[in-house]
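**Student:** What follows is the residue order along each chain.
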Amino acid sequence: MTLADQPRTTFGNDDAKRVRADFPALDQEVNGHALVYLDSGATSQKPRAVLDVERHYYERQNAAVHRGAHTLAALATESYEQARHTVATFVGVDDDEIVWTSNATEAINLVAYGLSNASLGRGGPEADALRLTADSEIVITEGEHHSNLVPWQELAARTGATLRAIPLQDDGTLSLDDAERLVTDRTAIVAVTHVSNVTGVINPIAELVEIAHRHGALLLLDACQSAPHMPLDLHALDVDFAVFSGHKMLAPTGIGALYGRRALLNALPPFLTGGSMITTVTLEESGYLPAPQRFEAGTQRISQAIALAAATDYLGAIGMHDVAAWEHTLGERLLAGLLEIDGVRVLGPQTPEGRAGLVAFDLDGVHAHDVGQFLDDRGIAARVGHHCAQPLHRRFGVTASTRASTYVYNTFEDVDAFVDGVRDIRSFFGVV
Amino acid sequence: MTLADQPRTTFGNDDAKRVRADFPALDQEVNGHALVYLDSGATSQKPRAVLDVERHYYERQNAAVHRGAHTLAALATESYEQARHTVATFVGVDDDEIVWTSNATEAINLVAYGLSNASLGRGGPEADALRLTADSEIVITEGEHHSNLVPWQELAARTGATLRAIPLQDDGTLSLDDAERLVTDRTAIVAVTHVSNVTGVINPIAELVEIAHRHGALLLLDACQSAPHMPLDLHALDVDFAVFSGHKMLAPTGIGALYGRRALLNALPPFLTGGSMITTVTLEESGYLPAPQRFEAGTQRISQAIALAAATDYLGAIGMHDVAAWEHTLGERLLAGLLEIDGVRVLGPQTPEGRAGLVAFDLDGVHAHDVGQFLDDRGIAARVGHHCAQPLHRRFGVTASTRASTYVYNTFEDVDAFVDGVRDIRSFFGVV
Amino acid sequence: MASPELAGLYQQVILDHSKLRKGSGLVDGGVAESHQLNPTCGDEITLRLHLVEGSGSGLGSDSGNAGTAGDGTHGSASEPIIERLSWDGQGCSISMASASLLSELAPGLTPTELTERIALFREMMRSRGAGVEDDEPLGDAAVLESVSKYIARVKCAMLAWVAAEDTVQQVTAGRA
Amino acid sequence: MASPELAGLYQQVILDHSKLRKGSGLVDGGVAESHQLNPTCGDEITLRLHLVEGSGSGLGSDSGNAGTAGDGTHGSASEPIIERLSWDGQGCSISMASASLLSELAPGLTPTELTERIALFREMMRSRGAGVEDDEPLGDAAVLESVSKYIARVKCAMLAWVAAEDTVQQVTAGRA
Ligand SMILES: Cc1ncc(COP(=O)(O)O)c(C=O)c1O
Ligand SMILES: Cc1ncc(COP(=O)(O)O)c(C=O)c1O
Ligand code: FES
Ligand code: FES
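Protein chains in written order, with the UniProt record's numbering: chain A, 1 to 432; chain B, 1 to 432; chain C, 1 to 176; chain D, 1 to 176.
Read the hints as simulated data drawn from the structure, not as lab findings. Keep in mind that a hint or two might mislead.
[Unchecked claim] Taking lysine to any residue and the SDA-like style, the derived pairs with C-alpha atoms no more than 20 angstroms apart in a straight line are:
#, chain 1, residue 1, chain 2, residue 2
1, D, Lys155, B, Gly343
2, D, Lys155, B, Asp95
3, C, Lys149, B, Gly379
4, A, Lys17, A, Asp27
5, C, Lys22, C, Gln36
6, D, Lys155, B, Gly316
7, B, Lys17, A, Arg60
8, D, Lys19, A, Lys17
9, D, Lys19, A, Thr399
10, B, Lys17, B, Gly343
11, D, Lys19, A, Phe429
12, D, Lys155, B, Gly379
13, C, Lys19, B, Gly343
14, D, Lys19, A, Gly365
15, D, Lys155, D, Val171
16, D, Lys22, A, Phe429
17, C, Lys19, C, Ser146
18, C, Lys149, A, His66
All values reported here derive from a predicted model rather than from experimental measurement.
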């Protein structure tokens with residue numbers, strides 16, 4: 001919370017250093033070097049404030065929520081529902097439009113299985129409009145993370161619907177003409193990432209929503225790489241569903257969220273079933289609570305939800321505009337540094353406009369895992385591989401790439417250490 | 001870990017007090033009284049050792065597992081897979097037979113959806129034997145927790161199969177004759193709880209497994225109330241699947257596990273799909289990894305799995321035989337004390353044999369929530385309501401009951417405070 | 001033996017009403033019925049609204065205590081009057097006492113006035129022990145203020161009132 | 001610039017073999033073929049086993065280094081001899097160097113002897129930097145010992161060896 005109090009409009013390297021000091025994991029040596037953590041696109045580090053809130057929950061409140069009348073249970077329930085309010089506010093929606101999940105992947109599966117249950121006739125007349133048939137189409141893009149691709153393949157297989165992918169341009173951007181071509185009246189749902197975890201491209205969501213809605217289709221937004229890094233107003237964007245993961249935004253693992261428009265969530269048949277999501281249960285049949293409880297079966301990720309709220313409070317205290325602006329600055333520096341290195345081929349746009357603070361690239365003659373190994377030797381943590389986006393890598397003609405992804409706690413020094421590292425690699429491997 | 005070193009055969013009240021000192025949440029006042037926590041059947045408290053392990057993970061290792069080559073990622077992966085080994089060993093199975101889930105509820109849903117995906121033709125020829133048809137039957141008991149009931153209702157609805165429930169005796173026990181009658185060659189799967197969360201009855205699992213297997217049916221064991229409280233050897237029990245939740249066994253919320261026989265897990269089609277559970281992904285189709293990764297889509301509950309292993313280490317250091325024996329002693333005292341109180345009607349067996357360390361009862365003339373409120377005023381946390389088992393409460397002719405459930409950190413003093421509290425209730429409410 | 005707080009929650013009048021259960025037993029007739037369930041505990045209530053024609057001069061509109069005052073929806077000369085509420089249900093002492101106290105309060109009010117009382121009661125229930133400025137319009141039901149400190153029990157006290165609100169809304173919707 | 005550890009991982013002979021890629025390019029014929037994928041990175045290899053008839057006197061059985069010695073499966077007078085391994089694949093320098101070093105090692109061995117070498121190589125890879133007692137039977141491939149310190153890269157070094165093991169098992173199963 002270092003930065004909460006001082007009003008300011010520009011967030012600079014010194015601010016980043018102050019933020020960094022809140023993160024215990026960043027204060028360690030790896031292979032004899034101070035850790036340079038540039039893998040926040042995979043998972044972020046956690047500030048002390050978040051760890052403290054979670055621990056306090058276990059030391060003072062821990063109890064099963066929405067059940068039982070004792071004091072701890074009442075306190076736990078209050079913290080848990082307050083967390084929902086905090087996170088809902090952070091992304092600009094109402095409390096009962098936020099469903100907790102384990103991660104974004106589960107949130108996408110929830111929607112895919114909800115639609116497939118509707119297609120099997122579950123959920124009664126309210127769910128009729130959500131049924132898919134063999135005539136239906138599901139539209140994604142070529143740039144999706146596997147978590148926003150495979151669940152739709154499976155939904156298509158279960159319902160007989162067809163999956164279509166909007167192709168991407170050579171620079172990884174999406175052309176709205178292609179979207180217009182692929183989204184038709186047969187489209188049931190369009191599932192698209194807000195920000196690519198490989199190219200950093202920020203997709204034109206408002207336009208895609210307009211296209212989808214014009215055809216009566218729903219739009220699900222994969223906000224995994226946007227919710228942590230930029231201001232997000234899901235009501236203003238007018239998406240129907242959105243998903244994100246806590247672990248990428250300063251919170252623990254094991255917590256994610258689904259946003260759904262209230263009416264839609266209440267029309268969607270249940271996905272996971274069991275305790276706490278029901279009204280009356282007989283051996284023959286069960287009634288279901290309204291959303292969000294309808295989708296929260298069994299004992300929930302209570303401490304993790306509370307910790308996620310502490311994380312969004314932390315981010316909110318910095319200010320998401322500043323977070324986004326600072327990461328853009330870092331991304332610009334990263335891109336410029338990498339583009340100067342012989343043999344580097346950046347995947348995606350070659351200029352910083354419309355790009356988030358991450359860069360993935362191929363290094364001619366050196367396999368990404370060797371790049372990663374070399375960097376790790378200097379204490380630099382970057383991600384190598386296909387980043388769960390094989391089709392997109394195939395589109396760029398590579399199997400794997402190296403990715404540096406920044407967060408608000410990264411500094412110019414981090415970026416420079418990375419660029420310097422990459423500069424030395426080809427000669428080490430004897431390819432120049 | 002207070003008790004790990006000293007060899008002993010009897011665990012007594014002083015040992016329990018030493019264990020209790022490891023639990024920060026137990027060291028607090030509620031409504032001006034020292035907390036008496038008798039709601040471990042809902043969720044357990046956490047020892048400092050478990051909280052410390054989880055925090056250490058976040059301060060020193062935190063990274064995405066099974067991806068990336070950097071040092072933190074390698075450390076995190078190792079801790080995570082070591083945790084799987086620890087927990088697998090704790091319940092007597094092999095590492096790759098343990099799948100992490102959010103809770104037991106999700107684990108049951110995983111199996112139910114896996115079977116339903118097989119029934120839709122997913123999973124190829126290996127999954128053929130797992131298909132359900134309109135002729136198939138699913139067998140549960142009248143005493144199941146909603147989490148082991150509603151998912152099977154939904155599976156029946158999705159596949160056209162029929163759900164049958166083995167009725168219970170007046171004392172809440174199950175007669176094997178009834179099981180013999182209900183399990184037939186049509187039965188695809190029998191899903192049964194090991195220990196009832198209402199009556200504390202320990203079901204005859206070995207016999208039920210024999211009956212199920214004789215008819216070619218699978219058996220899923222709901223081990224939510226056994227894994228935390230008694231030694232468990234799932235291979236010896238010969239069950240096909242088993243589920244349990246970490247939060248009930250000293251671990252954080254948000255983590256649970258599914259055990260499945262190796263061959264069965266590898267034949268079961270995927271449930272949640274997305275990143276990290278695939279081999280090759282094209283826009284058209286995806287290959288799936290073998291179990292357990294096949295069922296672990298997206299970024300996993302890494303710190304929670306590691307903390308669960310710390311919890312089973314903690315329990316293992318006490319010794320599960322001692323845990324079970326001590327809780328039996330507490331349960332016996334609880335039962336004896338309650339049976340002496342006018343107006344108390346204990347649900348389930350009236351003698352301690354074959355009963356776990358928990359007791360639920362109805363108090364004539366006072367609603368369970370009023371009972372709970374009265375007890376809470378004295379700092380006693382017990383559970384009131386239907387405990388997610390409405391059909392079983394209906395079987396006993398009540399809507400709600402009050403439950404005291406013990407754990408290894410409970411003492412004679414806790415039990416006595418509870419019994420004393422209950423003794424005063426009816427006169428307070430003016431019903432005697 | 002019991003703390004002052006607990007004694008405040010379970011005051012004698014509440015314990016008495018929880019046994020008295022005024023209005024208990026569904027009576028034939030009635031213009032609207034509502035069934036409400038408290039999913040946390042599984043308790044439920046079925047409540048019927050019984051009206052008689054009356055001159056409904058709008059007591060509520062000049063009592064000045066209502067959150068909805070001035071919204072122009074009440075005081076129509078033809079508004080009927082509540083003859084009684086009848087109900088059937090089971091639940092904890094708080095929920096039963098609350099249904100009983102509501103049944104004592106309602107007769108003689110217009111539906112509009114009852115709506116105002118319900119809004120005031122809800123405000124009191126959400127006050128977390130702070131209460132409302134003027135709880136007179138709630139009559140004896142004002143004693144339930146102590147419940148508002150026990151967040152988990154607020155639903156118990158509200159159960160009958162939510163059912164009553166639903167019946168009034170059905171009638172209003174029917175008239176609209 | 002690079003630490004001694006890193007220099008140990010990427011020794012000159014490994015870097016050389018990663019470029020040399022001995023055996024690279026699938027050759028027609030062969031008695032068995034295996035395709036292996038490293039799911040962490042998506043890299044893959046397809047490897048073929050090429051045999052010639054030979055007197056297979058069982059070099060492996062008296063070299064005394066094999067984990068499988070004494071299991072009675074080897075040294076049959078009719079065992080063929082490995083002519084070569086040919087493969088096609090892509091991957092990191094470790095995986096390519098490892099495939100190359102394996103392709104250098106295999107010719108002239110019997111399938112049984114290769115199986116023993118693979119077992120020894122696996123043992124070395126699992127040693128976490130400790131190595132094995134006698135790595136002579138691995139020839140130049142012994143240089144890959146340093147990989148065993150990097151758990152995340154063990155799969156890279158094993159990729160070709162797992163493929164080769166699979167081809168040998170196919171042949172053995174066929175003969176059995
Ligand atoms: C017997 C039994 N089964 C299943 C469950 C569900 O466990 P969870 O809510 O952790 O998924 C519980 C606990 O609530 C239980 O006691
Ligand atoms: C764009 C995008 N979508 C989805 C995911 C999946 O998130 P998780 O693994 O937390 O479910 C990720 C992160 O891995 C991502 O970057
Ligand atoms: S506990 Fe059910 S209404 Fe009060
Ligand atoms: S990184 Fe793919 S084989 Fe080494």
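**Student:** Next step is simple, just say for each hint if it's right about the structure.
**Tutor:** Hint by hint, here is what the structure shows:
1. D:Lys155 with B:Gly343: violated, 67 angstroms
2. D:Lys155 with B:Asp95: Given that 20 angstroms is the threshold and the Cα spacing comes to 19 angstroms, the pair holds.
3. C:Lys149 with B:Gly379: Holds: lysine 149 (chain C) and glycine 379 (chain B) sit about 16 angstroms apart, inside 20 angstroms.
4. A:Lys17 with A:Asp27: Measuring from Cα to Cα gives roughly 11 angstroms; hence the hint holds.
5. C:Lys22 with C:Gln36: holds, 18 angstroms
6. D:Lys155 with B:Gly316: Distance of about 33 angstroms is beyond 20 angstroms: violated.
7. B:Lys17 with A:Arg60: holds, 19 angstroms
8. D:Lys19 with A:Lys17: violated, 42 angstroms
9. D:Lys19 with A:Thr399: holds, 18 angstroms
10. B:Lys17 with B:Gly343: violated, 32 angstroms
11. D:Lys19 with A:Phe429: Holds: lysine 19 (chain D) and phenylalanine 429 (chain A) sit about 10 angstroms apart, inside 20 angstroms.
12. D:Lys155 with B:Gly379: Status violated; Cα separation ~56 angstroms.
13. C:Lys19 with B:Gly343: holds, 17 angstroms
14. D:Lys19 with A:Gly365: holds, 10 angstroms
15. D:Lys155 with D:Val171: violated, 24 angstroms
16. D:Lys22 with A:Phe429: Distance ~18 angstroms between lysine 22 (chain D) and phenylalanine 429 (chain A) Cα, so the pair holds.
17. C:Lys19 with C:Ser146: With Cα atoms ~19 angstroms apart, lysine 19 (chain C) and serine 146 (chain C) stay inside 20 angstroms; holds.
18. C:Lys149 with A:His66: holds, 17 angstroms
Violated hints, in rising order: 1, 6, 8, 10, 12, 15; the structure is consistent with all others.
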